[in-house]
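**Q** Residue numbers (the numbering used here), protein chains in the order written: chain A, -14 to 461; chain B, 711 to 935.
Calculated directly from the structure, the hints in this document are not laboratory data. It is possible that part of the hints are untrue.
Which bits of chain A does chain B cover? Going by a derived footprint, with three or more residues having C-beta under 8 Å, they are [to be verified]:
id : stretch
1  : 73 to 79
2  : 120 to 131
3  : 149 to 162
4  : 252 to 264
Sample of chain B residues lacking proximity to chain A, with all beta carbon distances greater than 10 Å (derived) [said to hold, decoys possible]:
id : residue
5  : A724
6  : R738
7  : P857
8  : L881
Quick reminder that beta carbons are idealized off the backbone N, C-alpha and C, glycines included.
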Amino acid sequence: MNAPLNYVPRSDFKKRTFAATQDPHLRQSFRSAMDFLMAKRQAQFPDQEAFEHLRALGEEVRRYSLSRLPELLEQLEANLTRNGVKVHWAEDAEEANAIFLEISRSHGATRLIKGKSMVSEEIELNHEMAKHGVDCLESDMGEYIVQLDGEKPSHIIMPAIHKTKEQIARLFHEKVPGVDYTDSVDELIQIGRRILRENFRDAHIGVSGVNFAVAETGSLCLVENEGNGRMCTTVPPVHIAITGIEKVVEKLEHVVPLYTLLPRSATGQAITTYFNVISGPRKPGEKDGPKEVHLILLDNGRSQAYADEQLRQTLQCIRCGACMNHCPVYTRIGGHAYGTTYPGPIGEIVSPHMMGLTATHELPFASSLCGACGDVCPVKIPIPDILMRLRREASHEAEPGRPALRGQGAGRNRLVSLAFAAWRTIYSHPGLYRLYAWAASRLNFLTPKSQLGWTASRTPLIPARQTLRDRLKNRA
Amino acid sequence: MSARDNILARLRAAPRSSAPVMPDVAGRLADRYAALRAPEADRFGTFRSAIEAAHAEVHETSGAEWPALVVRLCREKGVAMLACPPAGDLSAALMLEPDAPEIWGYGETMEAVKGRLFDATDAGITRAHGAIAETGTLIAWTGVDEPRSLSLVPPIHFILLDRSRIYADLLQAMTEEGWAGRLPTNLLLISGPSKTADIQQTLAYGAHGPKELIVLVLNPEGVAA
Ligand code: SF4
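Chain A with its partners taken away, still in its complex shape (with noise of 0.2 Å):
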């Protein structure tokens, strides 16, 4: 009786996780890096209160946007082909990355260069590129240095936060031609520099992301400090932005209290360097700016999100890294360990919509609940309540008069709901709680020293010889 019960599935994630664990140079770089920037950000909020005020008009503003998402798209379409843009729409990753090849191929381009943008890593722009002949380089200091190890980023705001300095002099020294190994900061972001404004000066087409859209000028805003966003949307003659379908506002004004919050909350920065707005390609008489400009508006699952309401409240995200920052989880097991293009919890969170419960639905159990998450969030995402949503999700069928979600189900393990089930009618019939009772005190010997997922980092359960029942009664 006493033989193991492993009947919890042993995935992927949970290998991961223990690697990542057992990493110490992986837990130093997260733990030093998280702690510096939740002190960043909390010198930005000193007042709590008017936080509490700045964050309520930056949720409204996001509810607003969502609540009229379809109309708002249809008129940012408008506005924009008005402007000169133009726009494509792509259900999925697939969808997306034939729009970039069509627009490469239809101008002979082999070179694109890339300012930072967490859609693209959704599609695997890059990987998708290259299968056709088109190289797609990072031109972000962070992103540049992953791709440049054959890595994806381990965070949606600082992608190389993983790596010490001395791990990126030596991939410099070693993948750069010609460069010496220097690990002094300085030095290494000069060579990137120097690398890369050949880039930009000479490729076909410059990639970027978008932080907001507005619908009422047609405008694409984009938030950065490096010029690199800059460098990508100005210097090459083709541009093509790519945002999630979620990231439209109305108003030019609605993006005041949502570009007041991203970089306090991201980076603890009260501004970036740059705040670029795009509203159309070079006009005439205008020197420089490319002379075509895309949108692609990607699906990829939001719409599943969308359908819920409580599940929408996921969309109202500005990617400020924030909840990630403050997770205790991420802070210990790191970005690459979630196996996702976002980690952390909004990565648990939009991860099951964009590749569907099958591949994720551990993810919403990767969390202490703790809280921490949902009380930074500049946009009162409730992360830990759609946690708690998903969980159920993933592990249960879906309720009467609610749709499936894509790999509804997916975590459910027989023998959990089993043991549940179990407990549940034992709990409700006195009768048969008294007989278990009886039971488990009297056999606890019989009680097995390996107890599902229990006993992975905890000791046993054992019930105890008497029940507090029987104590009580023998005390009086």
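Chain A is fixed; fit chain B with the ligand onto it per the hints.
**A** Coordinates of chain B with the ligand only, in the frame set by chain A:
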């Protein structure tokens, strides 16, 4: 059905909240900006300390004196070639100065000047449309007379700012000037030289854009610098 129709149809099929209310952004932010918007507020001082904290250099000068100041700074910083906007007024004023660096006006398209801009130009000079005190931000209204790459590609960026054009906050600038109805192709807010903290959270300046941002504040005549 096209991707567009499918996506919009799915969004339309979702339950919708009843009559959404447009957020009152101006009303809700009024308190936040009240102090800076007050007539006695020191907008210039706030602007200056914020942008200096972001590593920019600020010099007070005047409409008559700025060319000499730029030429002196160019000498100090080893600027051998300076790019100016197409209109010609800035370059004309600078060329009158003794010891001026080599100066060229951005009169042709980017394609024609790309090599010079990227590989030979040490500094660019532009005019700010205005500024924002709260965050220490310059507003660059690019267009026919203000190529956007002039504030981006050269390693040093000089920018002329009229002291009377400093707004309290972004919302004030945006609403008082009615930006929503008249945005240029590319509107830029610039709050310091380009920077990155992507390597071990260590801040480094001069990531991809200018390494130095030098603000020349033009005081109205008669106000001592
Ligand atoms: S969920 Fe909230 S805290 Fe997390 S990235 Fe999105 S906006 Fe930021």
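**Q** Each hint: holds or not?
**A** Hint check:
Counting residues of the stretch 73 to 79 of chain A whose C-beta lies closer than 8 Å to any C-beta of chain B gives 3; at least three are required, and the coverage claim holds. Counting residues of the stretch 120 to 131 of chain A whose beta carbon lies closer than 8 Å to any beta carbon of chain B gives 5, which reaches the threshold of three, so the coverage claim holds. Chain B is given as covering the stretch 149 to 162 of chain A, and this holds because 3 residues of the stretch bring a CB closer than 8 Å to a CB of that chain, at least three being needed. Closer than 8 Å: that is the beta-carbon criterion, and the stretch 252 to 264 of chain A has 11 residues meeting it against chain B, so the requirement of 3 holds.
With 10 Å as the threshold on Cβ separation, the claim that A724/B sits away from chain A is violated: the shortest Cβ distance comes to roughly 5 Å. At roughly 5 Å from the closest C-beta of chain A, the C-beta of R738/B falls inside 10 Å, breaking its exclusion from the interface. For P857/B, the condition that its CB be more than 10 Å from all CB atoms of chain A is violated, with the nearest at approximately 4 Å. Chain A draws L881/B into its interface by the beta-carbon criterion, the shortest separation being 5 Å against a cut-off of 10 Å.
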